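**Student:** Here the protein sequences line up with chains A and B, keeping their order. The opening position of the first sequence corresponds to residue 9 in our numbering, with each subsequent residue numbered one higher. The opening position of the second sequence corresponds to residue -19 in our numbering, with each subsequent residue numbered one higher.
Worth double-checking, as some hints may not be accurate.
[As the list claims (entries may be wrong)] If you only want the chain A side, here are some residues facing chain B, beta carbon under 8 angstroms, derived:
#1 F96
#2 R257
#3 R258
#4 L262
#5 S263
#6 P266
#7 G401
No lab work stands behind these hints: they were computed from the structure. Just so we're clear, the structure is a prediction, and the values are computed from it rather than from any experiment. Every residue, glycine too, gets a C-beta built ideally from N, C-alpha and C.
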Amino acid sequence: MPDEFSSPSVPSELEEPPLSTELEEDQTAAPETDADLVTADPAVLADSLGDYLGAQWRRIKSGESGALPIVAGLIVIIIFFQAERSKFLSALNLVNLFQQASIYILLGAAQIFALILSEIDLSVGFVLGVGGMVIAELIAPPVNFPWWLGILCGIGVTAGIGYIQGSLITRLHIPSFVVTLAGLLFFEGVLIELATIDKQAVGGVISVSTTSPVFKLVNSNIPVGASWIILVVVIALYAFLSIRRAARRRAHGLSAPPISITLLQIGAAAVGGILLVYVCSVNRGLLISLKGVPYVIPFVGIVLLVYSIFLARTRTGRYMYAIGGNPEAARRAGINVQHVRRLAFVFSAMTAGLAGLVYASTLGSVSTGVDGGDYTLYAVAAAVIGGASLFGGRGKPLHALLGGLVIGVVYNGLALMGISAAGQFIATAIVLLVAAAIDALVRRRSATTV
Amino acid sequence: MSTSDNPATESIPTTGDSNGVPLLELRGITKRFGPVQALTRINFEIPPGQVTALAGDNGAGKSVTIKTIAGLWPPDEGEIVWEGQPVHFHGPREAEAIGITTIYQDLALADNLDIVQNMFLGHEPLERGLLDEAKMETTAKQTLTELSVKTIRSIRQPVASLSGGQRQSVAVAKAVMAKAQLVIMDEPTAALGVSQTRTVLSLIKRLASQGVAVMLVSHNLNDVFAVADRVVILYLGNMVAQGPVSDFDPASVVDYMTTGRSTRAVDHAAIPRSAGQEG
Chain A
9 MPDEFSSPSV
19 PSELEEPPLS
29 TELEEDQTAA
39 PETDADLVTA
49 DPAVLADSLG
59 DYLGAQWRRI
69 KSGESGALPI
79 VAGLIVIIIF
89 FQAERSKFLS
99 ALNLVNLFQQ
109 ASIYILLGAA
119 QIFALILSEI
129 DLSVGFVLGV
139 GGMVIAELIA
149 PPVNFPWWLG
159 ILCGIGVTAG
169 IGYIQGSLIT
179 RLHIPSFVVT
189 LAGLLFFEGV
199 LIELATIDKQ
209 AVGGVISVST
219 TSPVFKLVNS
229 NIPVGASWII
239 LVVVIALYAF
249 LSIRRAARRR
259 AHGLSAPPIS
269 ITLLQIGAAA
279 VGGILLVYVC
289 SVNRGLLISL
299 KGVPYVIPFV
309 GIVLLVYSIF
319 LARTRTGRYM
329 YAIGGNPEAA
339 RRAGINVQHV
349 RRLAFVFSAM
359 TAGLAGLVYA
369 STLGSVSTGV
379 DGGDYTLYAV
389 AAAVIGGASL
399 FGGRGKPLHA
409 LLGGLVIGVV
419 YNGLALMGIS
429 AAGQFIATAI
439 VLLVAAAIDA
449 LVRRRSATTV
Chain B
-19 MSTSDNPATE
-9 SIPTTGDSNG
1 VPLLELRGIT
11 KRFGPVQALT
21 RINFEIPPGQ
31 VTALAGDNGA
41 GKSVTIKTIA
51 GLWPPDEGEI
61 VWEGQPVHFH
71 GPREAEAIGI
81 TTIYQDLALA
91 DNLDIVQNMF
101 LGHEPLERGL
111 LDEAKMETTA
121 KQTLTELSVK
131 TIRSIRQPVA
141 SLSGGQRQSV
151 AVAKAVMAKA
161 QLVIMDEPTA
171 ALGVSQTRTV
181 LSLIKRLASQ
191 GVAVMLVSHN
201 LNDVFAVADR
211 VVILYLGNMV
221 AQGPVSDFDP
231 ASVVDYMTTG
241 RSTRAVDHAA
251 IPRSAGQEG
């Protein structure tokens, strides 16, 4: 036993000085902290642009990569398709691509709520079908609900589905995999039944009137002038809020990203927005003039924005991550784990319902032939490709956006190249495996650094 | 000094505590699980601003004792007295509400959340319905500074990237921020290396110097003698010895822990508790 321990009656005042040196020693005796630190958000650590880029680079090298590799991968895929088919980057095709991708993006967002909690929702494909079918039936004769009421009911029904599935999972402790797998089968049956009951459904197909706002969501455009005005307002608002936030943090003496980074982010958002609106403003009609941003693009944007705020800035959102990371810690912190977990399934199913709305709008009809199985798998794929973790605790709506875009680009590009459905499935499978492999590597790498 | 089978221990309460009423006092706590007698008439007290070590071999009843104090289950007999008032907990939340925080070995931190997020988990301040990140970060920073936790460079790094000692520091800071008056730490150094252990021990001292009562559950005698002001020793569900740390030496503690008595320490044990108060 060391000497200092044999005289425990030394007054504590005398022990104070050595304690602080112990701490200093500890700081130097922990060489791993530098490596550990790279996993922190670079914006937190950097004082200058150079620092920021350095921190970001260390982070990528350590495997805690954020969104950049997916963006890089997306650019590579786009360059490949453009080299193969020059009309890939044409306005017509790009807008088409955005419309196709919006379903995958929403499905990915639905799946992310389950994945954050380390659960999975396999029912989203047919919940999409049921949501779309309910909306289409309610706004069509004989019910003839106004479009907004139809949408509200459709989303309400899907939210209810999520509530029931979530209750089965949290109350009866049945694994989400089993409950939602049952849901996948069950709601395919429900979809067929819905079409059978409705006498208006000829051959199991219900059409959406082309004059209905439901149809116009995907197939109609915001006028070019209005698109630009909205863009300017959105960018200005974003710039104002992010600069004000950074300034406030600095005023509180808290770490804030360097001003150059804030400006860079605003600049990137502005360039992206301008490109998007510009592409959509080019006349892409063949016979008649067709231009403007389809309503579905801001629609998806708003959904993702709301989800981002919900997950990052509200208690319930924070609790979802906490439960995904350590359910026991969440429980001990007094969080109603069952309630939050059930809510995640409500959000998941509700978002699938929103995807059903976009589906109904895209096709102008909903039939019993909704390919729910594929949609479910694409939902998981979109979330995982985008960067959400299958092991819980990690995932953002941004990941759904990126993953959904990757799937949309692959799907669209291969179709342009005239590659069959077989090739499309195989290509998507490979992209998914690559993304999952990256996820696994990240996990292994961050596990070994702890 | 008192022995388990001595009913006179009921009368210990306020004898010779320099601060008068102890923060927490257990009086004749008995706990059974079916036929198993886990605790038999446990008596001891925890004064504020001091580190009380709860020592004992495996199966001595350390865990049952702290879980009883933490409100996980009610005692079968006896009472828990908090600041002179008997209290009855119907769950850990109630114990936490009056100021008893227990830090179990798993620390209950969410690895994917950062330090600030972990420290405020479950009671985040809001500003217009949204999380008030600025307030959280300021308070967290302040708390860590007060505890002189210097090794953490960014409080926005995920807990997964912290070392074992740093994680303990975060858990302690979390307790401090929850305005805990008694922090029970279950084997805080069990999984730590030498320098990390020293960090945590100095943190425990600092916590006590801020007026918080610390109960250190440990069977590591180095730790006990390094930081404890008082020692309570359990043996097979009985409280076999308690008193200022100066009444004990490692050999006598080992005797108590393994046999329930110590011949070596008889002289020390005979010292009245009031005379054994440290400075």
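**Student:** Now look at each hint and say whether the structure bears it out.
**Tutor:** Hints, one by one, checked against the model:
1. The beta carbon of F96(A) is not positioned within 8 angstroms of any beta carbon in chain B (closest approach about 38 angstroms), and the interface hint is therefore violated.
2. Interface restraint check for R257(A): the shortest CB-CB distance to chain B comes to about 6 angstroms, inside 8 angstroms, so the restraint holds.
3. Using the Cβ-Cβ criterion of 8 angstroms, the hint placing R258(A) at the interface with chain B is not satisfied: the shortest such distance is roughly 11 angstroms.
4. Evaluation of the L262(A) hint against chain B yields a held restraint, the C-beta minimum of about 5 angstroms falling below 8 angstroms.
5. The closest approach between the C-beta of S263(A) and any C-beta of chain B is roughly 7 angstroms, which is under the 8 angstroms cut-off, so the hint is satisfied.
6. Because the beta carbon of P266(A) sits about 15 angstroms from the nearest beta carbon in chain B, more than 8 angstroms, this interface hint is broken.
7. Interface restraint check: G401(A) against chain B, minimum CB-CB distance 4 angstroms, threshold 8 angstroms, status holds.
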